[in-house]
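K.L.:
One-letter residues, chain by chain:
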Amino acid sequence: MSRRLRETLGHPFWQAVLLMLAAYLVIVIIGWVSAPVPRTVVIQYMLSALVGVLIFVSDNEQRWSRFKEPIQRTLVEPERRRLRGALLVLVPALVGFVTFQQVRPTVSAPAALRSVHPASPVRITFRGKAMELATLENSLRASGDLAEHYAAGKRVYYQNCLPCHGDLLDGRGHFAHGFNPTPLPFDGSTIAQLRESFVFWRIAKGGPGLPREGAPWNSAMPVWEDFLTQEEIWQVIIFLYEQTGLNPRRLGVEGEGGHE
Amino acid sequence: MGMSRAMTGDGGRSRAMTGDGAHPDRTSPDVARHRLSSPVCWLAALSALSATSMLRAQETQLSESAQRGKVVYDKWCMECHGETGAGDGAAAAFMLPRPRDFTRASYQIRTTASGELPTDADMRQIIDNGMPGTAMPAWGTKLGEGERNDLVAYLKSFSTFFEADAPTPIEMGRQPGRSAEGLAEGRATFEKLECFKCHGDAGSGNGPSGPTLRDDWDFPIRAADLTQSWTFNGGSTVGDIYRRLRTGLDGTPMPSFSDVIDAQVITDEQLWRVAQYVRSLSPEEPPRPRDVVRARLVTGPLPDGPADSAWDGVEQYYIPLVGQIIQKPRWFAPIVEAVWVQAVHDGSTLALRVTWHDRSSSPDPEWDEWLAAMAAAATDVDGPLDAVQGPDRLTIQFPGRLSGDVERPYFLGGDRQRPVYLWRWSSAPDALDEGAGAGFGRFTPRGEGGQVTHQARYDEGRWQLQLTRPLSSSDSTRAPSFAPGILVPIAFFAADGSNGESEARGAISAWYGLYLDVPTPPRVFVLPVVAMVLTAGFGVFVVWRAQRRESGRSTSEES
Numbered sequence: 001m002s003r004r005l006r007e008t009l010g011h012p013f014w015q016a017v018l019l020m021l022a023a024y025l026v027i028v029i030i031g032w033v034s035a036p037v038p039r040t041v042v043i044q045y046m047l048s049a050l051v052g053v054l055i056f057v058s059d060n061e062q063r064w065s066r067f068k069e070p071i072q073r074t075l076v077e078p079e080r081r082r083l084r085g086a087l088l089v090l091v092p093a094l095v096g097f098v099t100f101q102q103v104r105p106t107v108s109a110p111a112a113l114r115s116v117h118p119a120s121p122v123r124i125t126f127r128g129k130a131m132e133l134a135t136l137e138n139s140l141r142a143s144g145d146l147a148e149h150y151a152a153g154k155r156v157y158y159q160n161c162l163p164c165h166g167d168l169l170d171g172r173g174h175f176a177h178g179f180n181p182t183p184l185p186f187d188g189s190t191i192a193q194l195r196e197s198f199v200f201w202r203i204a205k206g207g208p209g210l211p212r213e214g215a216p217w218n219s220a221m222p223v224w225e226d227f228l229t230q231e232e233i234w235q236v237i238i239f240l241y242e243q244t245g246l247n248p249r250r251l252g253v254e255g256e257g258g259h260e
Numbered sequence: 001m002g003m004s005r006a007m008t009g010d011g012g013r014s015r016a017m018t019g020d021g022a023h024p025d026r027t028s029p030d031v032a033r034h035r036l037s038s039p040v041c042w043l044a045a046l047s048a049l050s051a052t053s054m055l056r057a058q059e060t061q062l063s064e065s066a067q068r069g070k071v072v073y074d075k076w077c078m079e080c081h082g083e084t085g086a087g088d089g090a091a092a093a094f095m096l097p098r099p100r101d102f103t104r105a106s107y108q109i110r111t112t113a114s115g116e117l118p119t120d121a122d123m124r125q126i127i128d129n130g131m132p133g134t135a136m137p138a139w140g141t142k143l144g145e146g147e148r149n150d151l152v153a154y155l156k157s158f159s160t161f162f163e164a165d166a167p168t169p170i171e172m173g174r175q176p177g178r179s180a181e182g183l184a185e186g187r188a189t190f191e192k193l194e195c196f197k198c199h200g201d202a203g204s205g206n207g208p209s210g211p212t213l214r215d216d217w218d219f220p221i222r223a224a225d226l227t228q229s230w231t232f233n234g235g236s237t238v239g240d241i242y243r244r245l246r247t248g249l250d251g252t253p254m255p256s257f258s259d260v261i262d263a264q265v266i267t268d269e270q271l272w273r274v275a276q277y278v279r280s281l282s283p284e285e286p287p288r289p290r291d292v293v294r295a296r297l298v299t300g301p302l303p304d305g306p307a308d309s310a311w312d313g314v315e316q317y318y319i320p321l322v323g324q325i326i327q328k329p330r331w332f333a334p335i336v337e338a339v340w341v342q343a344v345h346d347g348s349t350l351a352l353r354v355t356w357h358d359r360s361s362s363p364d365p366e367w368d369e370w371l372a373a374m375a376a377a378a379t380d381v382d383g384p385l386d387a388v389q390g391p392d393r394l395t396i397q398f399p400g401r402l403s404g405d406v407e408r409p410y411f412l413g414g415d416r417q418r419p420v421y422l423w424r425w426s427s428a429p430d431a432l433d434e435g436a437g438a439g440f441g442r443f444t445p446r447g448e449g450g451q452v453t454h455q456a457r458y459d460e461g462r463w464q465l466q467l468t469r470p471l472s473s474s475d476s477t478r479a480p481s482f483a484p485g486i487l488v489p490i491a492f493f494a495a496d497g498s499n500g501e502s503e504a505r506g507a508i509s510a511w512y513g514l515y516l517d518v519p520t521p522p523r524v525f526v527l528p529v530v531a532m533v534l535t536a537g538f539g540v541f542v543v544w545r546a547q548r549r550e551s552g553r554s555t556s557e558e559s
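Protein sequences appear in the order of chains A and B. Sequential numbering of the first sequence, starting at 1, is according to this note's numbering. Sequential numbering of the second sequence, starting at 1, is according to this note's numbering.
If you're looking for bench data, these hints aren't it; they were derived computationally from the structure. Cβ atoms here follow ideal geometry from the backbone N, Cα and C, with glycine treated the same way. There could be a bad hint or two in this list.
Between beta-carbon pairs, the in silico distance windows are [to be verified]:
(1) B:E366 with A:Q230: 44 to 54 Å
(2) A:N60 with B:R290: 29 to 39 Å
(3) A:T182 with B:V518: 57 to 67 Å
(4) B:E194 with A:Q102: 53 to 63 Å
(5) A:Q102 with B:A138: 21 to 31 Å
(6) B:V518 with A:Q230: 45 to 55 Å
Construct all of the structure, not just a fragment, from the sequences and the given hints.
P.N.:
Quick look at the structure:
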């Protein structure tokens with residue numbers, strides 16, 4: 001039995017079949033672990049795998065003739081008539097099926113090409129007051145008690161932001177599932193890449209304040225300048241960084257932000 | 001509570017206090033309810049009770065674990081559940097159901113009998129998995145195992161009731177195998193136990209007691225929608241449901257049915273059957289929203305009204321809605337949790353059917369009581385609710401202009417630059433307005449020449465609205481034309497008048513897409529056939545050539 005197996009495994013024809021199977025498995029697994037692979041990509045990939053396998057078997061004269069031998073036998077030997085007939089039916093059927101899958105009309109929403117962190121404007125007007133974002137600093141960091149700002153910011157967060165951004169600051173509040181794009185998480189490391197002035201702009205101007213590449217028409221992020229004072233926004237920003245244990249990026253200091 | 005437990009006659013849950021002496025100082029809410037008929041009296045007794053238990057809790061020294069738990073609690077739970085655990089944190093007014101008040105030690109999700117304390121494992125279960133359908137999140141991934149155990153210790157310190165001996169879980173027994181007869185028996189028992197009085201005949205939460213239901217803190221509470229098991233607070237398996245039926249949800253009107261078994265009105269197996277029946281009212285898997293609603297092309301006539309059985313075969317798309325909390329006045333306690341959308345067209349007319357659950361056809365005088373309770377619950381953080389019930393409303397939104405452009409109007413009502421095209425239906429009077437919106441709440445009716453027709457029906461806690469419109473618009477400056485093969489952005493807004501949802505208050509969705517199928521082009525069938533014929537022909541040719549060569553070789557060998 002095991003000799004049979006060794007012979008089979010040593011045969012270039014079965015090696016080629018196994019290689020093709022392995023190639024298919026790889027793409028299936030890629031589809032599981034990351035995003036599902038589109039059908040056209042699978043077909044292209046399998047075709048290149050086939051070319052590779054053919055180059056491998058034909059690269060050596062002896063291997064090539066051994067590879068061809070079972071094919072040749074299937075094509076001509078009278079005792080393989082049944083197999084031959086089956087293949088002549090199955091292969092065209094498979095090709096027909098794959099073609100049908102290709103031309104069948106399907107609909108899907110166009111992929112949303114959305115820039116999550118587009119460049120902020122140079123200046124904004126906050127409740128009628130002009131602000132230069134480049135030089136805007138969180139004034140509360142220099143004045144008063146950080147613990148008090150944190151407590152005040154926490155209240156602002158729980159009363160306003162919680163249904164979307166969530167108690168865990170993971171962007172999965174109890175209303176988050178209703179929106180597309182979904183609210184952004186703060187507990188990853190993104191807010192550590194952002195300057196506080198950028199975060200201020202995002203909170204003050206919300207979704208509608210995004211530039212075109214941010215798809216402002218889809219964002220559910222409210223315009224908080226209509227609800228909160230400047231101080232309250234700085235407080236909630238302090239809360240976001242304290243609660244997640246992250247630091248904001250600071251101007252001119254690359255890679256300053258990060259874990260405490 | 002307005003609901004009498006007709007079956008047992010022994011006062012329902014009061015049985016739970018049977019003198020096992022586990023916590024002698026604890027007055028069961030039910031005993032209290034029977035003794036103190038006036039709600040005022042009852043509330044006074046209650047606050048006195050919780051005040052003393054709080055004081056005592058603070059007197060006693062916190063264990064080390066509870067001290068560590070306090071640190072975690074103050075960071076992650078306090079803003080909802082309150083500094084003293086009374087459920088009155090700064091965020092409490094922004095949600096319904098409210099965060100649990102721990103000082104009363106009354107827990108909904110337990111494995112113990114009605115009126116008993118939860119076990120530590122019960123509390124860990126809630127902290128780990130949260131309570132689906134409420135604001136209570138799952139902490140299992142956020143906090144470490146040790147932290148979650150410390151939290152249990154700290155939560156228990158909010159009430160002296162926990163000084164009593166640890167409670168024991170009830171015996172669960174085994175679930176009988178499922179069968180059609182079993183489901184029928186479950187349905188019969190469902191009727192016998194009068195579940196429909198709160199949950200409605202079809203289980204969509206619309207029972208006649210609905211307007212009167214309050215929790216033990218006097219907040220309005222909805223009987224669960226049994227057709228949406230994914231919103232059950234304590235989990236959606238048959239075992240979870242059975243356990244809830246045995247233990248009741250303490251602090252809510254949802255009773256325990258253990259006493260009915262003890263009184264031999266039904267058997268334990270019949271209660272399992274009820275649980276199986278309840279589970280069968282919801283789909284196996286919770287529905288998932290899909291981005292695109294497809295309108296199939298039909299050849300026969302379009303469905304004639306929302307009750308037409310032709311709709312039964314049309315695919316349903318589930319679209320979740322959430323409270324409008326983006327513009328003032330925001331609304332944190334919406335009723336409508338989703339709409340189900342179906343669509344077909346015949347090449348010249350589009351028909352949509354939108355279905356949603358709503359416990360009342362507003363305005364309904366029966367529900368005045370509920371509206372008053374909502375107003376008193378003060379969840380109306382951006383201004384008071386209307387004192388008078390408005391109608392139920394549904395608005396469907398499309399872009400004002402349809403272009404191939406990726407750009408769309410702002411999903412919440414559009415704006416002046418990019419207006420939206422709206423179908424606004426309201427239940428009383430039953431009318432539909434077609435028009436344009438330039439910002440949420442800024443609506444200009446189309447007036448003459450409207451092309452949308454509608455038919456609405458309310459049945460078993462459910463609205464169904466059929467809307468039809470010719471694909472091509474008679475006036476493209478006022479309404480866009482629809483065409484097959486183009487993705488049309490579509491969004492929804494729904495409001496329940498008897499819940500105080502007027503004007504901007506209600507539930508909203510994101511943009512979805514509506515796609516009208518094009519007739520299947522012939523190449524879809526021709527191309528595969530051509531491919532098959534070519535492949536087969538090639539195969540036959542290869543075989544023929546190989547055999548010819550082979551026979552040529554053998555003849556030459558012979559000679």
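K.L.:
With reference to the structure, classify each hint as holding or not holding.
P.N.:
Against the structure, the hints come out as follows:
1. As the Cβ distance of E366 (chain B) to Q230 (chain A) is approximately 48 Å, the hint placing it in 44 to 54 Å holds.
2. Checked against the given bound of 29 to 39 Å, the beta carbons of N60 (chain A) and R290 (chain B), roughly 52 Å apart, lie outside it.
3. Between T182 (chain A) and V518 (chain B), the C-beta spacing of about 31 Å breaks the proposed range 57 to 67 Å.
4. A hinted range of 53 to 63 Å holds for the C-beta pair E194 (chain B) and Q102 (chain A), which are about 57 Å apart.
5. Restraint check, Q102 (chain A) to A138 (chain B): a C-beta distance of roughly 42 Å breaks the suggested window 21 to 31 Å.
6. Distance hint check: the CB atoms of V518 (chain B) and Q230 (chain A) are about 53 Å apart, consistent with the given range 45 to 55 Å.
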